[in-house]
Amino acid sequence: MTNSLRPDGRKPHEMRPIEADAGLIDQADGSARFKIGDTEAYASVYGPQELHPRHKQDPKQGKLRCEYNMLPFAGDGSRVRPGFSRRGEEISHVTTKALEPAVDLSEYPNAVVDVHIELTQTDAGSRCAGICAGSMALADAGIPMTDIVPAVSAGKIDDTIVVDLNGEEEHLGGNETPDLPVALIPRDETFSLMQLDGILTRDDLKECVETVKPALLDIAEKQQEALRSQYDTGVES
Amino acid sequence: MNQSMKNHLKESLEQDVRVDGRTRHEHRDVDVETGVISTAEGSARVTAGDAELLAGVKIESREPYPDSPDEGSIMVNVELLSMSHKDFESGRPGIESIEPSRVIDRGLRESGAIDLKSLCIEEGETVLGISIDIVPLNYDGNIYGLGGLAALAAVKDLTMPAVDDNGNIDWDEEGDLDVDLAHDPLPVTVYKIDDLLLIDPTREEEQAADARLTVTTLDDERVCSLQKGGDAPISDDEFNEMIDLAFDTTESLRDNIDAI
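Chains as they are written, first to last, in the working numbering: chain A, 1 to 237; chain B, 1 to 260.
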């Protein structure tokens with residue numbers, strides 16, 4: 001097999017270049033930026049703070065609330081109109097579910113932790129970039145966590161399973177490339193986000209999940225590195 | 001803002017010392033970077049102290065309005081992202097984002113900087129609309145001045161996509177239509193706390209302000225729009241002083257724009 005099946009010349013399992021940093025929005029309790037190729041997500045965390053209206057409070061534990069939004073100039077093509085969208089609502093919901101298993105809010109009854117995720121520019125993979133930035137911002141805010149949460153997509157071009165589809169690859173040759181975004185809880189290697197657009201065989205699906213795992217662990221390392229460098233005092237402990 | 005915080009701000013201002021160490025008429029160091037958003041047709045990032053904003057320009061083709069069949073349009077939209085400050089909530093935009101949207105919009109429009117007729121593809125059928133969206137990433141005051149600067153920088157960075165006779169846009173092709181700005185309208189807001197004037201406020205300072213005056217200046221000693229805001233009225237002496245201070249402030253800010 002040649003390596004030229006991907007338009008940008010990447011190898012099948014190769015991700016786009018990643019930039020990750022934490023703590024850049026100082027108005028927020030925690031923040032992060034995660035950029036993969038031309039897709040860039042900022043996330044900020046506010047809280048824990050009291051949840052209003054009060055009937056939504058949970059006396060047993062705090063609540064995680066994520067909000068995913070594309071900025072009006074973040075799409076390829078026309079302007080994205082601000083405000084409510086069904087797509088945004090769904091992605092906000094699955095993002096919350098992707099991050100929840102790694103967050104421990106049992107110490108914060110009746111509280112809410114808000115994660116605001118803004119995409120400044122996108123070239124596919126935006127929900128995954130949002131989850132990566134969101135989990136880093138939660139860690140930066142000092143929210144009790146059991147793990148960092150990396151996310152990336154797997155897909156299939158021709159007969160080859162590939163990792164981290166870009167926008168061009170999503171629509172190769174007029175076809176919709178199957179696209180499977182996945183988020184991982186690295187500690188126990190469980191998946192907290194799994195979606196699929198497009199058609200894959202049973203065996204392909206299993207191969208996708210196996211293939212994407214090393215990439216996810218790679219991302220987790222980059223996320224942790226960014227957080228460590230933010231707090232590295234240079235003093236040996 | 002509580003009264004003791006406000007009193008503290010006032011007492012320091014009387015000594016001409018601000019919370020971040022500046023004097024009353026001193027602007028934060030400004031940095032303007034263009035071409036920062038791959039998906040926008042024009043974009044800019046403005047930083048000033050802790051404040052950081054993005055502006056992005058998008059182009060759309062549409063039918064002209066009946067009363068101006070041969071003119072395109074510009075639209076400015078400020079969204080105070082809940083990501084950027086704890087005071088902002090998602091949902092319907094409030095007056096705190098609508099007013100700067102309208103004021104920055106008016107400055108660009110009234111200056112005549114953009115020739116709207118040059119955005120006409122076919123009279124009565126198809127014109128182009130320029131949308132300029134301004135968002136703070138980290139909000140720390142002065143949305144009028146910093147947002148207006150970002151908007152102008154993003155428009156100056158604009159590269160038009162190719163548009164065919166029917167108004168279909170090819171986003172991957174560069175077009176031959178050039179949007180040359182006839183002027184560089186730059187809004188500056190002067191704030192008044194008690195009887196003291198200051199510029200480029202932080203979030204705390206703008207919340208403590210009793211009045212403000214936004215002055216959009218052109219590059220040739222002219223003014224193309226004004227907006228008085230806040231609860232307190234201003235005297236004619238104050239007005240004159242505010243206008244002069246606005247011109248002094250723009251003079252140094254223009255260096256950032258002239259370089260684009």
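Be careful, since some hints might not be right.
What follows is a list of derived Cβ distance ranges for each label pair [to be verified]: (1) ARG92/B with ASP76/A: 22 to 30 Å; (2) ARG187/A with ILE260/B: 45 to 53 Å; (3) GLU14/A with ASP258/B: 38 to 46 Å; (4) ASP170/B with GLU14/A: 26 to 34 Å.
Derived by calculation from the structure, the hints in this document are not laboratory data. Quick caveat: nothing in here was measured; it's all calculated off a predicted structure. We treat Cβ as the ideally placed atom computed from N, Cα and C, and that holds for glycine.
We went through each hint and held it up to the structure:
1. Evaluation of the 22 to 30 Å hint for ARG92/B and ASP76/A yields a pass: the beta carbon distance comes to about 27 Å.
2. Evaluation of the 45 to 53 Å hint for ARG187/A and ILE260/B yields a pass: the beta carbon distance comes to about 48 Å.
3. Checking the proposed 38 to 46 Å range against GLU14/A and ASP258/B shows it holds: the Cβ atoms sit about 42 Å from each other.
4. Checked against the given bound of 26 to 34 Å, the beta carbons of ASP170/B and GLU14/A, roughly 30 Å apart, stay inside it.
In summary, this structure violates none of the numbered hints.
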